[in-house]
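S.K.: Listed below are the residues making up each chain.
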Amino acid sequence: MNVLVYLDSADGRVKKPVYEAISYAKRLTQSSGGQVHGLVLGASDEADLKSLGKYGLDVAHHVDDARFSSFDSRAYTMAIGKFVEANPCTHVVFAFNHRGKALAPRVAARLDLTYVPGAMALPAEDGTVVRGVNSGKAFAHVKANKSGMVLAVTGNATELLNEEVEASISAFDAGLSDGDFAIKVVKVEKMGGGIILTEADRVVSAGRGLKGPENWAMIEELAGTLKAATACSRPVSDVGWRPHREHVGQTGTTVRPNLYFAIGISGAIQHLAGVNQSRTIVVINTDPEAPFFKAADYGIVGDAFDVVPKLNAALKAHFAA
Amino acid sequence: MNILVPVRKVPDTTAKIAFTPDGKSFDANGVQFVMNPTDEWYALVRAVELKESLGGTITLINIGGADNDQIIRKGLAIGGDDAVRIEGDDRDAHFCAKAISAYAKANAFDLIITGKEAIDDNGFQLAAMIAEFMDWPFISQATRLDVEGDVCHLSREIEGGHEDVEVSKPLVVSASKGMAEQRIPNMRGIMMARSKPLNVIQAEDSSVSSEVAKYALPPEKGDVKLIDADNIDELITLLKNEAKAI
Chain A
918 MNVLVYLDSA
928 DGRVKKPVYE
938 AISYAKRLTQ
948 SSGGQVHGLV
958 LGASDEADLK
968 SLGKYGLDVA
978 HHVDDARFSS
988 FDSRAYTMAI
998 GKFVEANPCT
1008 HVVFAFNHRG
1018 KALAPRVAAR
1028 LDLTYVPGAM
1038 ALPAEDGTVV
1048 RGVNSGKAFA
1058 HVKANKSGMV
1068 LAVTGNATEL
1078 LNEEVEASIS
1088 AFDAGLSDGD
1098 FAIKVVKVEK
1108 MGGGIILTEA
1118 DRVVSAGRGL
1128 KGPENWAMIE
1138 ELAGTLKAAT
1148 ACSRPVSDVG
1158 WRPHREHVGQ
1168 TGTTVRPNLY
1178 FAIGISGAIQ
1188 HLAGVNQSRT
1198 IVVINTDPEA
1208 PFFKAADYGI
1218 VGDAFDVVPK
1228 LNAALKAHFA
1238 A
Chain B
-5 MNILVPVRKV
5 PDTTAKIAFT
15 PDGKSFDANG
25 VQFVMNPTDE
35 WYALVRAVEL
45 KESLGGTITL
55 INIGGADNDQ
65 IIRKGLAIGG
75 DDAVRIEGDD
85 RDAHFCAKAI
95 SAYAKANAFD
105 LIITGKEAID
115 DNGFQLAAMI
125 AEFMDWPFIS
135 QATRLDVEGD
145 VCHLSREIEG
155 GHEDVEVSKP
165 LVVSASKGMA
175 EQRIPNMRGI
185 MMARSKPLNV
195 IQAEDSSVSS
205 EVAKYALPPE
215 KGDVKLIDAD
225 NIDELITLLK
235 NEAKAI
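So the sequence lines, in the order shown, correspond to chains A and B. Following the working numbering, the numbering of the first sequence begins with 918 at its first residue and continues without gaps. Following the working numbering, the numbering of the second sequence begins with -5 at its first residue and continues without gaps.
Keep in mind that the hints were calculated from the coordinates and are not lab data. All clues given are correct.
Cut-off 27 Å, straight-line C-alpha distance, at most; resulting in silico cross-link-like pairs (DSS-like, lysine-lysine):
| no. | chain 1 | residue 1 | chain 2 | residue 2 |
| --- | --- | --- | --- | --- |
| 1 | B | K215 | A | K1211 |
| 2 | A | K1060 | B | K18 |
| 3 | B | K10 | A | K1211 |
| 4 | B | K68 | B | K10 |
| 5 | B | K45 | A | K1101 |
| 6 | B | K18 | A | K1063 |
| 7 | A | K933 | B | K238 |
| 8 | B | K238 | A | K1227 |
| 9 | B | K238 | A | K971 |
| 10 | A | K1144 | B | K219 |
| 11 | A | K1227 | B | K219 |
| 12 | B | K234 | A | K1227 |
| 13 | A | K1233 | B | K219 |
| 14 | A | K1144 | A | K932 |
| 15 | A | K1060 | B | K208 |
| 16 | B | K99 | A | K999 |
| 17 | A | K1101 | B | K163 |
| 18 | B | K163 | A | K1104 |
| 19 | B | K234 | A | K1233 |
| 20 | B | K219 | A | K1211 |
| 21 | B | K10 | A | K1060 |
| 22 | B | K163 | A | K999 |
| 23 | B | K99 | A | K1101 |
| 24 | B | K234 | A | K933 |
| 25 | B | K238 | A | K932 |
| 26 | A | K1063 | B | K208 |
| 27 | A | K1144 | B | K238 |
| 28 | B | K238 | A | K1233 |
| 29 | B | K234 | A | K1211 |
| 30 | A | K1063 | B | K99 |
A short list of chain A residues far from chain B (calculated; beta carbon distances all over 10 Å):
| no. | residue |
| --- | --- |
| 31 | R944 |
| 32 | Q947 |
| 33 | Q952 |
| 34 | E1042 |
| 35 | V1082 |
| 36 | F1089 |
| 37 | K1128 |
| 38 | W1133 |
| 39 | P1152 |
| 40 | V1156 |
Keep in mind the model is a prediction, meaning the values are calculated, not measured. Glycine included, every Cβ here is placed at the ideal spot set by N, Cα and C.
One chain only, chain A, in its complex shape:
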């Protein structure tokens, strides 16, 4: 039983969440002795692809075709479909990131496989795969009705393998025509230098307790010290203090970092839904009755303007030691 991993990439490098997808795929093959194949569409770097052997990748297949530089889920799905036709795989694994979310369901529909979005663990002995539903308030154990599965894997679903092997490299021609590419990217805007919220290991999030956008400097400083991404509550992005992309919660972005700081956020149920799968939650709030304390591991009842600078100094000293 061979497994395919879609090697999502940007600027010619495979993205970090894919590493875990590779280790997940490797563990899927362990009972059957199959191989893990990876497919990268568009620009790639040979040394980068070889290094993925460390996480469990056996063969990296690259499709050198500049037309894949614009992400087009239809063309990408066709290419993945052609690959699976030529190299049969029972499972296809994706990272549950932006492209994974757009692409994996299409691939499942095309290949007529069961799709499990946001898989949180390897299949259990009964074959079911667990995933989060109801915004992290519950789990569903999904049973496949098809012969194989497409799995989009969340962070922390499995541990990274660390093997001293290189993946072998192979070229693949997807054979698409110009008419298969329909989407033209005209402009890309990325925030400069900061840590990407959806990929962040640590997140520093703040809410209305900060009283105004001019007070975010201390939040950014704290995030800088922690090498964390910044986030915010819904009211803060609604009034325009912070960009929409920072809105964490049920109708914004869901995050699953190892460490989540909530500063001046009361903890409305809709906000908690976006963060409750974080491994450790620290809450700083003036109101000891703030509902967020019930969802927190650690809490400080205090004024953010007093606590955050002290916390930042203490963390700086910790990391310098």
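Since the structure of chain A is provided, determine the placement of chain B on it from the hints.
M.R.: For chain B alone, kept in the frame of chain A given last:
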């Protein structure tokens, strides 16, 4: 321009989540249901705005039983022209996408737009599967959609930013925050919605791709450890030694 808007019924964002004792289904007892927020606030409202400037029709499509009609009527009050409800269970996205695309193929639509995810399913899967069954381009997690003749101009979220894209109709779009602002239906809209057509049809293919063997609730969170604001070093020690987070 004719737009199809799939809308889903979900538990209200504040609903307490519970399951039947066998763990097989959601316990709807005492739960208030609403239209999925990203379907309503972003996808449907943007469809209404596009119709207001370009003309055409908006058809709502939903999968479920007669108890979904109240939510569908709300969508008609916000600005849908007519609606279709497909009898069935909406838990398997593959089934839903197949049924919705079968309807879309039999009718002429320029655009299918729905919310990026359902807040009960969190799978981000319906729109992408519809796009595959239609064999149409798909823009996911779009924060802007403008239409100029045959060409659509969109912005979509990417890791750490967004990108602007162009693509010709027809296409499927999943909508994220930023696409539009929530609209509260007015009395006139509510009155008119009562007489708009809501047709109930049967799905041709009732097969499902997956089933939920059981649902489970997460373990109870332990009590919060409170740390004095004057004793920040204690927090650092706990984060380092207990949580192993720094």
